[in-house]
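**Q** Chains as they are written, first to last, in the working numbering: chain A, 263 to 360; chain B, 263 to 360; chain C, 263 to 360; chain D, 263 to 360.
Careful: at least some of the hints might be erroneous.
A pair holds if it fits inside one copy or across any two, identical chains being indistinguishable in the list.
[Unchecked claim] With a straight-line cut-off of 20 Å between C-alpha atoms, the simulated EDC-like cross-links for lysine to aspartate or glutamate are:
{"id": "1", "residue 1": "K331", "residue 2": "D342"}
{"id": "2", "residue 1": "K331", "residue 2": "E299"}
{"id": "3", "residue 1": "K320", "residue 2": "E296"}
{"id": "4", "residue 1": "K327", "residue 2": "E345"}
{"id": "5", "residue 1": "K331", "residue 2": "E314"}
{"id": "6", "residue 1": "K320", "residue 2": "D342"}
{"id": "7", "residue 1": "K327", "residue 2": "D311"}
{"id": "8", "residue 1": "K306", "residue 2": "D325"}
{"id": "9", "residue 1": "K331", "residue 2": "D341"}
{"id": "10", "residue 1": "K331", "residue 2": "E296"}
{"id": "11", "residue 1": "K331", "residue 2": "E302"}
Think of the hints as simulated: they come from the structure by calculation, not from any bench.
All of these numbers come straight from a predicted model, not from anything done at the bench.
The primary structure of each chain is shown beneath.
4 protein chains.
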Amino acid sequence: MSDEEDLIGGGDLSSDEGSNSGNAAASRLRSFVERVERIEVVQKALAEDKKEVYAEAKGAGFDTKALRKIVSERKANADDLAEFESILDLYRHALGMI
Amino acid sequence: MSDEEDLIGGGDLSSDEGSNSGNAAASRLRSFVERVERIEVVQKALAEDKKEVYAEAKGAGFDTKALRKIVSERKANADDLAEFESILDLYRHALGMI
Amino acid sequence: MSDEEDLIGGGDLSSDEGSNSGNAAASRLRSFVERVERIEVVQKALAEDKKEVYAEAKGAGFDTKALRKIVSERKANADDLAEFESILDLYRHALGMI
Amino acid sequence: MSDEEDLIGGGDLSSDEGSNSGNAAASRLRSFVERVERIEVVQKALAEDKKEVYAEAKGAGFDTKALRKIVSERKANADDLAEFESILDLYRHALGMI
DNA sequence: CCCGGCGTTAATGCAC
DNA sequence: GTGCATTAACGCCGGG
Numbered sequence: 263m264s265d266e267e268d269l270i271g272g273g274d275l276s277s278d279e280g281s282n283s284g285n286a287a288a289s290r291l292r293s294f295v296e297r298v299e300r301i302e303v304v305q306k307a308l309a310e311d312k313k314e315v316y317a318e319a320k321g322a323g324f325d326t327k328a329l330r331k332i333v334s335e336r337k338a339n340a341d342d343l344a345e346f347e348s349i350l351d352l353y354r355h356a357l358g359m360i
Numbered sequence: 263m264s265d266e267e268d269l270i271g272g273g274d275l276s277s278d279e280g281s282n283s284g285n286a287a288a289s290r291l292r293s294f295v296e297r298v299e300r301i302e303v304v305q306k307a308l309a310e311d312k313k314e315v316y317a318e319a320k321g322a323g324f325d326t327k328a329l330r331k332i333v334s335e336r337k338a339n340a341d342d343l344a345e346f347e348s349i350l351d352l353y354r355h356a357l358g359m360i
Numbered sequence: 263m264s265d266e267e268d269l270i271g272g273g274d275l276s277s278d279e280g281s282n283s284g285n286a287a288a289s290r291l292r293s294f295v296e297r298v299e300r301i302e303v304v305q306k307a308l309a310e311d312k313k314e315v316y317a318e319a320k321g322a323g324f325d326t327k328a329l330r331k332i333v334s335e336r337k338a339n340a341d342d343l344a345e346f347e348s349i350l351d352l353y354r355h356a357l358g359m360i
Numbered sequence: 263m264s265d266e267e268d269l270i271g272g273g274d275l276s277s278d279e280g281s282n283s284g285n286a287a288a289s290r291l292r293s294f295v296e297r298v299e300r301i302e303v304v305q306k307a308l309a310e311d312k313k314e315v316y317a318e319a320k321g322a323g324f325d326t327k328a329l330r331k332i333v334s335e336r337k338a339n340a341d342d343l344a345e346f347e348s349i350l351d352l353y354r355h356a357l358g359m360i
C-alpha cells in the first residue's frame, strides 16, 4: 500500500515522520482542509454582514421577522417560476395520463 | 455532589458500581434512551409503510415523483392557509405601517 | 369547495371527468395520497413525542446533545465506528493535530 | 411587471402610494431586501465552492465525512470538546456501553 | 441572561 | 454509484 493509499486504508501517517517534507497525501489533505477553512472565514463574514443589514433595518423601524419572510418568499417565488413549467405534466403523470 | 448530579458534572458513574441495583440517575438515563429508541422503531416502521404505499402506487402506473409532489403541495397549501391571515399584517410591519 | 374537489387545492384533477378511466385514476390517486397523509400524521406525532422525551430529559438535568449522540452510537455498528475513528486519527496525525 | 413593481411578486407593497411616507418606507424596504439578497447570492456561491472542494477531496480518495469532522474539530475549543467527551463517557458507562 | 422556536445546513438513506 | 428526498443537527433570533 502506497502512502497515497495510507490515508484511506488506515495505515500510519504523519506530517513529518522523520522524512524531510512530509508525504504528498498529508499535504493534499492539509490543502483541502485549508481551502474549506478559507471559504468558511468568508461565509462567517457574510453572515455578519447580513445580520448587520437586518439590525440596521430594525433600527429603521422595520419588523425583521417580516423582512426575513419577504426575502424568503421572493426566493420561493423565483424557485416556483423555475419549476412551474413542469407542473402540468407532473399532474398528468400523477393521473397516469401520460 | 450527589449521584444525581454526577451525570451532569462529570463525576464517575456506572450502572452497577458495587451497589446492588445501580443508581437512580443511570436508571433514568436508560429510561430516556429506551423511550427514544422505542419511538424510533415505530418511526422506522412508518417510513417503510410509506415507501410501500408509493411502491404500490408505482405498480398501479402512477408517477411516484408526481405523487410526492402532490402530497407536499397539499401540505404546503394547508400551511399557507394557516399562515395567510398573518401575512398582510406582516407586510404592513415590513413597511413600518403598524 | 368540497372535500371531493379539493384534491390538489384547486379544480378537478381529472381533465376528462366524463370518462370512467379518468375518474377511476383520480379515485385511486386520492386513495394513495390519503394513505400517505395518514401515515404522515402519525409520523409528525412521533416526532413530537421524541422532542418531548428529550425535553423531559433536559428538564431532569441531562445533556440532550450527549443523549442524542448516545442514541446514535447505540444504533451504529461497533465495527464501522472503530474503522471511522481510525480514519479520523489518521487525518489528525497527518495534520499534526495529535 | 417591471422590476420596480416586483417587490413581493404581486401588487405594490405600499398601500398608500400617493403619500410620501409610504413610498419612502417602501423604498427603504426595497433597499434592505436587495442588500440581503446580494449577500445571499455570494453565500450561495461560497456554499457551492465548499461542496466542490469536498467533491474534489472525495475524488482524490479522501473520506468526506471524516474530513468534515476534522474541520469541525479544528473549529471547536479543545476544553469544550474534552468536557463533552467526558459527559459522553459518563453516559456510556451508565448504560454499560463500555 | 437564558430559553424555546425557527430557519438553515449537513448527513443519511433511497431510488434510479 | 450518483443524485435526490427525507431527516436530524446546528446556530441565530426574539421573548420572558
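**Q** All hints are to be evaluated individually against the structure, with a verdict given for each.
**A** So, going through the hints one by one against the coordinates:
1. Taking identical chains as interchangeable, the C-alpha atoms of K331 and D342 lie at most 20 Å apart whether they share a chain (15 Å) or sit on different chains (13 Å).
2. For the homomeric pair K331 and E299, the shortest alpha-carbon distance between copies (12 Å) is at most 20 Å, but the shortest distance inside one copy (30 Å) is not.
3. In this homomeric assembly, K320 and E296 come within 20 Å of each other (Cα to Cα) only across copies, at 15 Å, whereas the closest approach inside a single copy is 36 Å.
4. When the C-alpha separation of K327 and E345 is checked against a cutoff of 20 Å, the pair qualifies only between copies, where the shortest distance is 13 Å, while the shortest distance within a copy is 23 Å.
5. For a Cα distance limit of 20 Å, the shortest separation of K331 from E314 inside one copy, 17 Å, qualifies, whereas the shortest one across copies, 28 Å, does not.
6. Proximity of K320 to D342 under the C-alpha cut-off of 20 Å is restricted to the inter-copy arrangement: shortest distance 19 Å between copies versus 29 Å within a copy.
7. For a Cα distance limit of 20 Å, the shortest separation of K327 from D311 inside one copy, 17 Å, qualifies, whereas the shortest one across copies, 28 Å, does not.
8. Taking the shortest Cα distances, K306 and D325 never come within 20 Å of each other, neither inside one copy (24 Å) nor across copies (25 Å).
9. Taking CA atoms no more than 20 Å apart as the test, K331 paired with D341 passes in both settings, with 15 Å inside one copy and 14 Å between copies.
10. Taking the shortest alpha-carbon separations for K331 and E296, only the inter-copy value of 14 Å comes in at or below 20 Å, while the best intra-copy value is 35 Å.
11. Proximity of K331 and E302 under a CA criterion of 20 Å is satisfied inter-copy only: 14 Å between copies versus 26 Å inside one chain copy.
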